[in-house]
Amino acid sequence: MLQNALTVITKIKPGELETLRAFLLVVGRDIKGKRDNSHVHFANMHTTHFARWVIINEYGAPHLLFSSNHDGSDVEYIALLIEIIAEALDHIWGHCEGYPSGMDVRSPQFKAAFTQYLLKHAIEPDTFYIGYRGVRVNEMQGFLKLRLRLEQTFDLPAVRAAVSEALPHFPLLSQTTPAFVALRQNMRSALILARVLWDTIVQFLYLVFIKPQILRARGLPRIDYVVPPPEAAALYKAEIEDVVAQNQMTVITRIKPGRSIPLKLVLCFVNAAAKHIFNEGSLANIATIHFARWIIIDDGKHLLFESNYDSTFESYIGDFVDKVSHGMNAIWRHSEGFPETTGFILTQGGCNHIEAFKTYIRQNQIEAQVFYSAYPQHTVRNLISALRIGQTADRGALEAWLSRF
Amino acid sequence: MTTPLQLDDIQGFVVRGYTFLYARYLFLQFDTQAHGQQWLAKIVDWTTPATTWTQKPKVCQNIAFTVDGLKALGLADSSLQTFSKEFVAGMHTRERVLGDTEGNRADLWEIGNPTRPDLQIHALLLLFGLTSDDLKQFSEQHAQIRAQIGGITLLHSIDGVRRLDKKEHFGYLDGAGQPQIEGMDARSAAHSADPTRPLKAGEFVLGYQNEYGILPSSPTVPSDARAQRLAAVEKQPALRDFGCNGTYLVLRKLYQDVAAFRKFLQDNAPDFHSESRKAADRHEVEWLAAKLVGRWRSGTPLALSPEQDSPLPGKHENNTFKFGDDTAGLTTPRGSHIRRANPRDTFGLPGAYGTESFKAVNRHRIIRRGMPYGPPLQSTQDDGADRGLVFICINANIAVQYEFVQKWMNDPNFNGLYQNQDVFAHNHHITDTFAVIEQPPLRQRIPYPQSFVKVRGGAYFFMPGIAALRYLSASE
Ligand code: HEM
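Protein chains in written order, with this note's numbering: chain A, 17 to 421; chain B, 38 to 513.
One should not assume that every hint holds.
To be verified - Derived DSSO-like pairs (lysine-lysine); straight-line CA-CA distance at most 27 Å:
#1 LYS374(A) <-> LYS396(B)
#2 LYS173(B) <-> LYS374(A)
#3 LYS374(A) <-> LYS122(B)
#4 LYS396(B) <-> LYS253(A)
Worth flagging that the hints you see were computed from the coordinates, not collected in a lab.
Here chain A stands alone, though its shape is the one from the complex (with noise of 0.2 Å):
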């Protein structure tokens, strides 16, 4: 896959808490780096089109946690976070559990042994949603400056006439639709479903019995993690969101005694479908998330939900409840403290009761201290329209015809 997902939680050092929390604080108030955060600075990290470092705290041993989306494999990126935050490696991982201090972090046992260790701790998502496929973050941001450049050029009056003029003479064509276009498209269909069915099985399989002997063998990443109070959904600091198009969500919720199984078959359900059908920029109709992963944590006993996403908590919030409540209720019906869910096959009511479902979120969300994205300006809708122009538009095949005309 071209866009991967590297979520990664370390334990905190005791006592590290604070001075880990103020050099994150710093980076993210100021994460284009034109004030005090000279250290990192994502946007020389070509392959990053999201990233986020949050401190899982409030509730339970202080964990940290670096999530990204990010071009290319995991090893590669690892090595260009090493290349471009070098500086910065010491002031964050330092202070968690297990990070190799005291080496020089220009060196290749540095790389060896900090690569293992992001690796040691990551986890890989049960479900993985991606709002544009395939395509690269510097490709896009080439594709916006088209855009951009596009748009300019169609306000200028000279430009505007002069397509007035010459759109006339140009041919219509007429449109012929092929023969057994109905047929194909059921066909495809079919195809699709049993494709679905196949990644859900072999997914699911992996992830029961698999997976964990991987994870035993590794250690296995807890957080010991105490569900929040009520109360705390009126602690959610809302202020930090909305700076710009786009915002992180980051929930943990406790999973119901022996509902880890049955969610694994959901979340690999989804992580299916995301994958053979809702992959042209919408997951089922909802097309203001950009990545989005559920994972499984703790031994079954957490489900740690992350999404980046456009406009406000309560469009997101709002469009969820329209679209997809089934979904989420099929998938959030197994978290303690979810608002109950009714009808034949239980995915009716739960988040339909949209005020409980707020209170819900807010009060099992957690602050990321860092959030950066590569597109602070524009929606995964505009996105895609810029991607169009860029995947219809061909330089080589536009400068032939221009020089040869």
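Start from chain A and add chain B with the ligand according to the hints.
Frame of chain A; chain B with the ligand shown alone:
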């Protein structure tokens, strides 16, 4: 089955467009609980219920309270916490959500300014009259009552005046697009498959099912002796349903810079003339005005009459048109005021257009009950007078309805748009924002020099049912 609406308990303003020509909005403050309750006890019987009129009354009266007002009337904190969070926090704390930044900041407001505790609003009294004399008399009667009781301060008073042609200050017909309410409208639930059907009453009145298929959350009070007339709360005998038949009311005083808007139309309209021969046949200013809103200034929607203005369609047709066959916005621009405020069948991705879009949009509707204030602008230059819209809307859930729509207005990326904010209703003006008009051969972008509307204040109110009003007026 749907519960019939208790029209004799719901305040008339909630479910009826009164269509009076004269209105007065009085913002009041109570010195003490006793003053407030005495005053309320005196006037509560005049409150206009939603029962059907056999004859249009000469005057109407309705009442709503801020959270401070309910507190002043003696509601305990534990009861206040059962109201919606946004209401309890107050409009002035919602700056970030509403986009009330820079010139629209709450600390600059005339009404509801948080830095002026002396002007803290407790109650909103809405008075209406068939004629200006009727309203004057009724207002005087009210003034006498306040004088008798003492301890009730009139903080502000705004007169709403509906012009005979029903146009607001920018020259558009006002009040055309409005949701219908199930049980109030002749079209019954039999049409439930029709997405433009009347909406579930619970979207606008507490105590009834809403579009999520549940009852909206409703505030409660302890079930003491004076609360016995209020509805019971299921499974909680210690509580009574204070909210039943009540609803939330949002009021914002919006100043309109009419001279600037007219100039904007004049400056930008001729552009079209030179480009398209077809457009030359049109009256360019009117055409641009229509493209910005999605309706001609006469009120006729572009969706029904794309090329030129035509007589206003019937009330039903004028509310039930769709945008679905105009995905690209060539007729009704995707960023136009009415398509943004109510995208109908075109919300979300084209794959979700139609019923699915309606399902989502129908959960974010508001009933608009505002009126213009201030004199019409006669000259081309600004005359310095205060004029605009007393924007009022009714909704059962402020966050999911009014605030949601307000955010659609502010959002430059709304529904797939790009650098495009609403012409009138956007707050938090960003640089590089445009009106975008989709048209062949090339879409037109017109930069907004400024916003034509400024927020001069406002507050969130609760408009209780009549039994709940009596509860508030009764001493313990
Ligand atoms: C001074 C500011 C405003 C002006 C001049 C204005 C003007 C208009 C006009 C001319 C219409 C079309 C006619 C009609 O349906 O009544 C309209 C419709 C509407 N406006 Fe506004 N408006 C303003 C502010 C707002 C605000 C702040 C909101 C909400 C946040 C809003 C929401 C709506 C809605 C929901 C509709 C009906 C759309 C439909 O259902 O078709 N407006 N407005």
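Of the hints stated earlier, which fail here? 2, 4
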